[in-house]
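J.: Given the coordinates of chain D, work out where chain H should sit on it, guided by the hints.
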Amino acid sequence: MEALPRVLEVKDVTKTFGSLSVLKRLSLSCDSGEVVLLVGANGAGKSTLLRAIAGLARPDCGSVTRDTTRIGFLSHHLFLYGRLSVRENIKLFASVQGASEWSDVVSRLELSKVVDRPLSELSKGMQARVGITRAFLGSPELILLDEPTSNLDEKGTSLLLGEIERRRSEGDARSTFLIATHDLHRMAPIATRVVVLADGNVVADSGADASRDIISRVLDRYREVNR
Amino acid sequence: MIRWLRTLGVLIQKEWRLEWRSKELFTLLACNAVLFSVLVGAGVSSAVLDVATAEKIYPMLLWVVFMLSSTTSVTRFNEQELEGRGFEGLLLSGVSGAQMYLAKVVIMTLFFSVSFVLLVLLLALSLDKDVSGILGSLCIVGIGASSALASLLALLAAVASTSKLKGILLPIISLPVLFPVFLCGMEMTMELVLNGALNEGTPWPIILLCAETLYMVAGINLFEMAIKE
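Protein chains in written order, with this note's numbering: chain D, 34 to 260; chain H, 369 to 597.
Just chain H, with the same shape it has in the complex:
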């Protein structure tokens, strides 16, 4: 078990180094976050919505933008594995698909979480909304959703990586399956915006956890099959 975890640690380090050298995922996430926030802000402003309406649609806009920016940013996440087929070297070295998958999930979760926080702030700025009171709770919701999102996208990015259509295939196949994450994130954000805290007995965190568990079980079991010839 210790050896297994040590290998996982080595793989996480590798994913971090690869991302740090290319900065592809983070650049795409950050650019998408800025671009979508400005577009949404401009759209809402030209629609001359009052403050109360803008506040109500803030959760929905936040999660639509987050989902779109995340799914469109990960299309190149597996490119570096495919360039030299490093993953085959790892499989030959006794690394399991589950370890490779979990390492990717950890790094994706980290970058998605940072991008979520950035998006919360940018969107609040462009809609002129004060989120300072709920920022901490929003971040926790964002990290939970990011982890669920990463669990699914790490698997689907591997499935789509061998297709010539991966640029459009990934958002198309992932967005419908990610609907539970979108719904949970939006509902929890709505509660935070309206009440300043999550209601007791709210089902959304449990639903999010169930969705994440489902995605993760699928990823752990299917990732190796998805990347192997």
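The shape of chain D in the complex, shown without the other chains:
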């Protein structure tokens, strides 16, 4: 079987905040098209790892090598401007990325009715949908989602899952996903791999293209440890 191109290589990354070591010589690599679930208790280092991969947090040592500059990132912060309307926000990010197609994503995520309202006046769930739209602009090859379902209702979650599925099945332009989540019930079915983090390091990895059975076993093990 032909090996998929590697899009991400994290090698021995350490990140500390003051005296707190959040990532401890963590290593991880991802191939094109993978949907990797990052699971771990609060404080395990998931968000910091995603920020380091995105290039928003500088590791103290170690290296992060990305084979692409097209990165989409949905974080706890929306990376948007509350005083601008949804349209102005999306147009701003589409313009600077040189992405011409944004209206399709807006309509698929059912934001057309609120497109002229200021972002700050929307509910948290709708704001999250705008954040997802921004993260998916410009067909990024590497998409990092940090707790993407935390503010979403059932409808929002199914729209997000539909968008992920759509991007996975887009022929050659397959995106790679790294999803940090506690919502295993809804996110596990789309995963091709599960990585468990604890205390700033990888403690379990199902491996690429893992079967449902292996993924379930890794997740069961994770649940047992965190019970």
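None of these hints come from the bench; they were simulated from the model. We treat Cβ as the ideally placed atom computed from N, Cα and C, and that holds for glycine. There could be a bad hint or two in this list.
[What the hints assert, rightly or not] Computed, partial: chain H to chain D, Cβ under 8 Å:
hint, residue
1, Arg389
2, Glu456
3, Leu459
[To be verified] In silico lysine-lysine, DSBU-like type, Cα no more than 35 Å apart, as pairs:
hint, chain 1, residue 1, chain 2, residue 2
4, H, Lys391, D, Lys124
5, D, Lys157, H, Lys534
6, D, Lys57, D, Lys157
T.: Same frame as chain D, but now just chain H:
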């Protein structure tokens, strides 16, 4: 290069929209200008200074008030970037720190220039001084100084933005570094007030340009580092 400039244009538009919606910077600049002018006017009037003395101290008062009002007004300029951390979204989208910095400098320069003109008129009114003959030249000096001021304050506002003490930190760290702008502005205004025009061979415009270049080079190179985690 065209793409780079187009992105810069988009960012300037964004800064303008954000400021237009909140009007924070302009409101603070205008209020400070009125407040300081009235206070200075009342102070000079109660000191019973003669017209000649009031005329001599006009340049100094103008620039002290302008510097104070500008540095105290920009403390919230980066707040909207921090609220939703929009700047991180821009960095992820391939926008450079230099582009973000220059967009802020352009908008700050615009508002500082308007506030300078307002201040010139208000202070002239409160000191009963006629500036109609030198208003055009004063505006040019004001725009030059505003641009130098913006070049430094855009960087320092970003440096101070993550501090809980930003309200007092920004004026404290910026005023000493802004001294060349203050000195150049004051000296050029003095020449305008006394002679009606700048003297030939006066060094102050060159010094102002050098200071601005220095601030801008620092801002272009350091802004991204200042806002990144």
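J.: Out of the numbered hints, which ones does the structure contradict?
T.: Violated hints: none at all, because every hint is consistent with the structure.
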